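Starting from the structure of chain A, add chain B where the hints point.
There are 2 protein chains.
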Amino acid sequence: MTESWVNSAQRIGADLHLDMPGSGGRRAALIQALREAVAGGRLAPGTRLPPYRSLAADLGVARNTVADAYAELVAEGWLTARQGSGTRVAERVEPPARDAVRVPGKAPARARGPRHDLRQGTPDASAFPRAAWAASYRRALQGAPSEAFGPGDPAGRPELRRALAAYLARARGVRTEPGRIVICSGFAHALRLLFGQGGGGVLDGPLAVEAYGLGFHRELLAAAGVRTVPLALDEHGALVAGLGRERAVLLTPAHQFPTGGPLRPERRAAVIDWARARGAVVLEDDYDGEFRYDRKPVGALQGLDPERVVYVGSVSKSLSPALRLGWMVLPERYVAPVLAAKGEREGWASVPEQLALADFVGSGSYDRHVRRMRQQYRRRRDRLVGALAAHAPHIQVSGIAAGLHAVLRLPPGTERTAVKAAVWQGIALDGLAAFRHPETGMRADDGLVVGYATPPEHAFGAALEALCGVLPPP
Amino acid sequence: MTESWVNSAQRIGADLHLDMPGSGGRRAALIQALREAVAGGRLAPGTRLPPYRSLAADLGVARNTVADAYAELVAEGWLTARQGSGTRVAERVEPPARDAVRVPGKAPARARGPRHDLRQGTPDASAFPRAAWAASYRRALQGAPSEAFGPGDPAGRPELRRALAAYLARARGVRTEPGRIVICSGFAHALRLLFGQGGGGVLDGPLAVEAYGLGFHRELLAAAGVRTVPLALDEHGALVAGLGRERAVLLTPAHQFPTGGPLRPERRAAVIDWARARGAVVLEDDYDGEFRYDRKPVGALQGLDPERVVYVGSVSKSLSPALRLGWMVLPERYVAPVLAAKGEREGWASVPEQLALADFVGSGSYDRHVRRMRQQYRRRRDRLVGALAAHAPHIQVSGIAAGLHAVLRLPPGTERTAVKAAVWQGIALDGLAAFRHPETGMRADDGLVVGYATPPEHAFGAALEALCGVLPPP
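Keeping their order, the protein sequence lines are chains A and B. FYI, the numbering for the first sequence is 643 to 1116, going by this note's numbering. FYI, the numbering for the second sequence is 643 to 1116, going by this note's numbering.
Pulled out of the complex, with its shape left as it was, chain A reads as follows (with noise of 0.2 Å):
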């Protein structure tokens, strides 16, 4: 929970825009600026307001300037408190005219966001396959047998799931067969499968994560009621020394998601004993193993025993996170139980996308555009690199073997201000400290982690120096 409380403190805290003179001030601009959150319905009803010493750390106030800011919207009734349940926005607070909140037909929230996207986890929007995948969804159609239009199978199409254990073994040294695939919509839907949503999961926790990861995750373990466990990890990826009584472990083995390093060879060796010994599971997050740049790429650590880790991977980052269609390789044992969790009914991707994907793969387009995309995505890599050597020089870069993002390391201490001070340059990034498991005992590094693929093409030139711009000084 804590780390739920930490994650929307910092939100709303950077929603909040504080600007505090002195110590009085401090009250006052903190509850105009919740006041104006909740009746601008940044802040939806309902919605529950992190706790007094959250918010405070995040804004870097007293305890009680926050506790005295909530009792004072209570009593003017934008807030309530109800023991055991937290301070929440009032529900009967009337939301603006709607088109203050949402007008029908805008764009959404993150296409009229910030000038410059650097937020790490999108693919270059525009190079999207139109022309390619309209052809492939054109002859998937064309070729679907009637009973595609009907119920489908819940474990996906075996055309789909056939053109993938083919790619998988090729590109990613996957060990697999089509009957252990499970079609999903992407990785979130996989870890829901896997660990059950409210009990009654496939797979048990305590789940051992990476010390930096997604928040997103996290949460979505914390609400599945499994506990997360966090590890630390260096260069060469998590320090699987570390594991211990952990039932699971989730790896980003071939490039450790975000600080980005392989995972290193005696380690994968070393979790799969430990998950043979343990009778533990590896699930392994292949979430951008297709771009790698210049080294050997490393295979899919699920190659060493299929029978011990889940591999989940998806074309979020190789197509687009539009199209919501992933896949999971499976032991055996977790099939059927998969299947199970996955519902008969519900929930699988849509199944002429299913088909136009199979054919992606197997006419050779996916190879492709993935070769395409990792020319364009180095090429953005080495501009990076090259004007961080000309204009910052004194800031090291980490993490660029592979991949979509990469990690600026930052001078002790100035995080916190980089990250602010690229907010009001109209970047959207984020620092390290967002992807740190809060009970991680590891030294936090201070660092900003940067997508480089998601701006257009025309506009990444305009990007990198707005980014120059707010690193802090030698």
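Among these hints, one or two may not hold up.
Output of the computed footprint for chain B on chain A, the stretches with three or more beta carbons under 8 Å from beta carbons of chain B [to be verified]:
hint, region
1, 705-715
2, 757-769
3, 773-780
4, 787-800
5, 805-813
6, 1049-1063
Beta-carbon label-pair distances, calculated as ranges [what the hints assert, rightly or not]:
hint, chain 1, residue 1, chain 2, residue 2, range
7, B, 982, A, 1098, 24 to 34 Å
8, B, 1038, A, 690, 47 to 57 Å
9, A, 773, B, 1099, 50 to 60 Å
10, B, 975, A, 867, 24 to 34 Å
11, A, 1068, B, 773, 43 to 53 Å
12, A, 706, B, 848, 35 to 45 Å
13, A, 1067, B, 920, 47 to 57 Å
14, B, 811, A, 1062, 40 to 50 Å
Simulated from the structure, these hints should not be mistaken for laboratory data. All of these numbers come straight from a predicted model, not from anything done at the bench. Cβ atoms here follow ideal geometry from the backbone N, Cα and C, with glycine treated the same way.
This is chain B only, laid out in the frame that chain A set:
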């Protein structure tokens, strides 16, 4: 092309894990490694191997070593070499034991299922409008802004929400605007979003449900910790006067599922009055509202009070359940909480298909398809009624004014036997008992729920004949 070969050479090279001693040993080791990769299924049948020089460079061996190894394996039958097509893994190579779980290529369960599928719930899969849908998809892909391929708005694409707002107003009497529509993957997904997954939903239980309905929905609600309270019904729909202190009620007002009556006008008014008086919510499942035959269309209950009714529809009956596309029309106060429940990162439907549906609806293709299917289903309904009149005139049939199924009323005590007889004759269908709420005090009438949409056109006559053969005698 070079780049791809180099990469695939690197991948295959990495996969081989060659431990190469002397010069003679290299050739043997390479042959051994490749043979194992093929036999073990890591290199799938049909996979094209990299040219000699690429693999040689990547492995650091002589080109001739690779050429010799390939030649040997061609001779052994593991690989095939054809002019102009390079060296490939032989097609006849058996992948590793896979039968255990699921034979690849086997059709999904339903396809190899019963001879006559008369289960309710699925439209005629062979009538999916492939050409028109493919055209809409192509236009949607061509016209989409780049941001459509980035992270999506959890509410769904604005283009689709606009198209649906107009369509639902025109065709179903729904009063809304695009900002209150949230795209989902179908009714079950809507239930999950509204009632949460393991607590903390937007709506609270207990939830009144019709005494006959989909057991699947009741199970889903039970898993979410929501108590369902059965509401008795008659031929005019649910007896809403029986509503009490429940927090919400789930209804199928246009065409009670599965018994078939539309909710009587005074009951429509009464349930809205109840919801207003108690601050409760009506959940309207408009699952087959488009298909009505002889009588005036019944507009959506939602039109009576858009702030008291959550309206849910999908393309599962009108187009295909394979698309996984549905929509919720929400009272204003629920929009933000439902979006929060949906999460920012997952679970929304494919964006290209959302755009395709917007085009399909906006271009009139949806209306044309619904009209065509309405005529087809009405003819089928008439044939069903005709066959019963001719061969089983003692069997009363109800619920035939709309929808894709009818209810055959059976003499008391005969339902179980009739269902079993149907199974023996290769007919899939359900008895009324399958839909009955276990806690209802209603008298249990005997009956069969017969879906007449699913069999392909050419097989419908035989299905009717088989059905008449399993009905109890007068």
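Now for the hints, and whether the structure bears them out:
1. Only residues whose beta carbon comes within less than 8 Å of a beta carbon in chain B count, and the region 705-715 of chain A has 0; fewer than three means the coverage is violated.
2. Look at the region 757-769 of chain A against chain B: 4 of its residues bring a Cβ nearer than 8 Å to a Cβ of that chain, three or more, so the hint holds.
3. With 4 residues carrying a beta carbon less than 8 Å from a beta carbon of chain B, the region 773-780 of chain A meets the three-residue requirement, and the given coverage holds.
4. Here the region 787-800 of chain A counts 11 residues with a CB under 8 Å from a CB of chain B, which clears the bar of 3, and the coverage holds.
5. Counting residues of the region 805-813 of chain A whose C-beta lies closer than 8 Å to any C-beta of chain B gives 5; at least three are required, and the coverage claim holds.
6. Judged by the Cβ-Cβ criterion of 8 Å, the region 1049-1063 of chain A is not covered by chain B as claimed, because only 0 of its residues qualify and three are needed.
7. For the hinted restraint 24 to 34 Å between residue 982(B) and residue 1098(A), the CB-CB distance of approximately 30 Å keeps it satisfied.
8. The hinted range of 47 to 57 Å is satisfied by residue 1038(B) and residue 690(A), whose Cβ atoms lie roughly 55 Å apart.
9. A beta carbon spacing of about 35 Å between residue 773(A) and residue 1099(B) contradicts the range 50 to 60 Å that was offered as a hint.
10. Remark: the range hint 24 to 34 Å for residue 975(B) to residue 867(A) is upheld by a beta-carbon distance near 29 Å.
11. At about 46 Å, the beta-carbon gap between residue 1068(A) and residue 773(B) stays in the expected band of 43 to 53 Å.
12. Evaluation of the 35 to 45 Å hint for residue 706(A) and residue 848(B) yields a pass: the beta carbon distance comes to about 42 Å.
13. Separation of residue 1067(A) from residue 920(B) is about 52 Å and conforms to the stated range, judged on CB atoms against 47 to 57 Å.
14. Between residue 811(B) and residue 1062(A) the beta carbon distance is about 46 Å. The supplied range of 40 to 50 Å therefore holds.
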